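Visitor: Sequence:
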Amino acid sequence: MPVVQNSLLLEKITHKTQSRAISFHHTVTDSNTELALYLHWHSDAEFLYLKKGEAIFKVEEEEYHLRAGDAIFIPPNLLHMAKGINGCGCEFYAIVFSMSYLFDSCANPQFTRYLQPVINFGNRCILCLVPEVSWHNDILNMLKKMYEESQKVPECWELQMYGMLLTVWQWLYNNYLYKFETDNHYKKLSEQLDKALKYIHDSYHEEITLSELASLSNMSESQFCRLFKKMTGLTPFGYLNRYRIIKSCKYLTGTVKKVTEIATLCGFNNISYYNREFIRYIRITPSAYRKGNLTLVN
Numbered sequence: 004m005p006v007v008q009n010s011l012l013l014e015k016i017t018h019k020t021q022s023r024a025i026s027f028h029h030t031v032t033d034s035n036t037e038l039a040l041y042l043h044w045h046s047d048a049e050f051l052y053l054k055k056g057e058a059i060f061k062v063e064e065e066e067y068h069l070r071a072g073d074a075i076f077i078p079p080n081l082l083h084m085a086k087g088i089n090g091c092g093c094e095f096y097a098i099v100f101s102m103s104y105l106f107d108s109c110a111n112p113q114f115t116r117y118l119q120p121v122i123n124f125g126n127r128c129i130l131c132l133v134p135e136v137s138w139h140n141d142i143l144n145m146l147k148k149m150y151e152e153s154q155k156v157p158e159c160w161e162l163q164m165y166g167m168l169l170t171v172w173q174w175l176y177n178n179y180l181y182k183f184e185t186d187n188h189y190k191k192l193s194e195q196l197d198k199a200l201k202y203i204h205d206s207y208h209e210e211i212t213l214s215e216l217a218s219l220s221n222m223s224e225s226q227f228c229r230l231f232k233k234m235t236g237l238t239p240f241g242y243l244n245r246y247r248i249i250k251s252c253k254y255l256t257g258t259v260k261k262v263t264e265i266a267t268l269c270g271f272n273n274i275s276y277y278n279r280e281f282i283r284y285i286r287i288t289p290s291a292y293r294k295g296n297l298t299l300v301n
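Per the working numbering, the sequence shown starts with residue 4, numbered consecutively.
Worth double-checking, as some hints may not be accurate.
[To be verified] Below, a list of computed lysine to aspartate or glutamate pairs in the EDC-like style, where the Cα atoms sit at most 16 angstroms apart:
hint : residue 1 : residue 2
1    : 250       : 215
2    : 86        : 37
3    : 250       : 205
4    : 232       : 205
5    : 250       : 264
6    : 86        : 63
7    : 232       : 197
8    : 86        : 66
9    : 55        : 37
10   : 61        : 33
11   : 55        : 65
12   : 61        : 49
13   : 233       : 205
14   : 55        : 33
15   : 86        : 161
Hints listed in this document are in silico derivations from the structure and should not be mistaken for laboratory results.
None of the values given here were measured: they were computed from a predicted structure.
Given these sequences and hints, build the entire structure.
Guide: In structure tokens form, the structure reads like this:
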């Protein structure tokens, strides 16, 4: 995998081959290297295929134990990292692509059907793929073929690659993502929660109350909390704080503003609370993040 500037958890690699919105990366670690993939996030989706060894992939707060031959699908905008286990090293490759590579317009009904659930509710769409499941195995074989083809000159694979990724996405939709689109209850709930999500995204720097969010969704507070957690995998304020922390990362790396000022700009009125939440989600302090120190906080 290319060397990156570790001071940014928002990965600075442009995951494209020339003008192509898809890229391929190969990583090999030895028995002396525990950290296989540094903690980061990006706006692209990703398939990680473990070719050799064993590894723990952590996505947000959840850990997934992968063995050789397994893969994991990671939706956009989720923090993730990987550690080798059992001291044997590991080898994996990543297929990273922009969601717009599949369908390029939010106005496209195919975008709404096939991609929107993954974008809105990424935490629920993480998926481990194992050879023992037939349709998983179909995807795993296709991922291997995609990586093999990517080693040729782009002109030999770019049209075929697009078709293979669409095929993978069709299998993923038919067997897993379809429930988000075909479940009428989900569709109604998604529309209700979209209002609250948009409000969080637009007003994260302001004080936001549970009653406001519940009212936007036409629910009681208890019902809203229960269904929000069911759909996103996070509590409403867990989601809000995570969003604020991600926004603060951009201030930390893109400005010279003081940490206390950044905390306030992102909706945190208490610097100690901001620091605790930052460590909870990013695993390092804001100052260490700014300086590029990726030492994990225990």
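Visitor: Now, for every hint given, state plainly whether the structure supports it.
Guide: Evaluation of the provided hints:
no.	hint	verdict
1	250 x 215	21 angstroms, violated
2	86 x 37	5 angstroms, holds
3	250 x 205	12 angstroms, holds
4	232 x 205	20 angstroms, violated
5	250 x 264	13 angstroms, holds
6	86 x 63	14 angstroms, holds
7	232 x 197	14 angstroms, holds
8	86 x 66	10 angstroms, holds
9	55 x 37	14 angstroms, holds
10	61 x 33	20 angstroms, violated
11	55 x 65	22 angstroms, violated
12	61 x 49	14 angstroms, holds
13	233 x 205	22 angstroms, violated
14	55 x 33	11 angstroms, holds
15	86 x 161	32 angstroms, violated
Consistency note: the structure conflicts with the earlier hints numbered 1, 4, 10, 11, 13 and 15.
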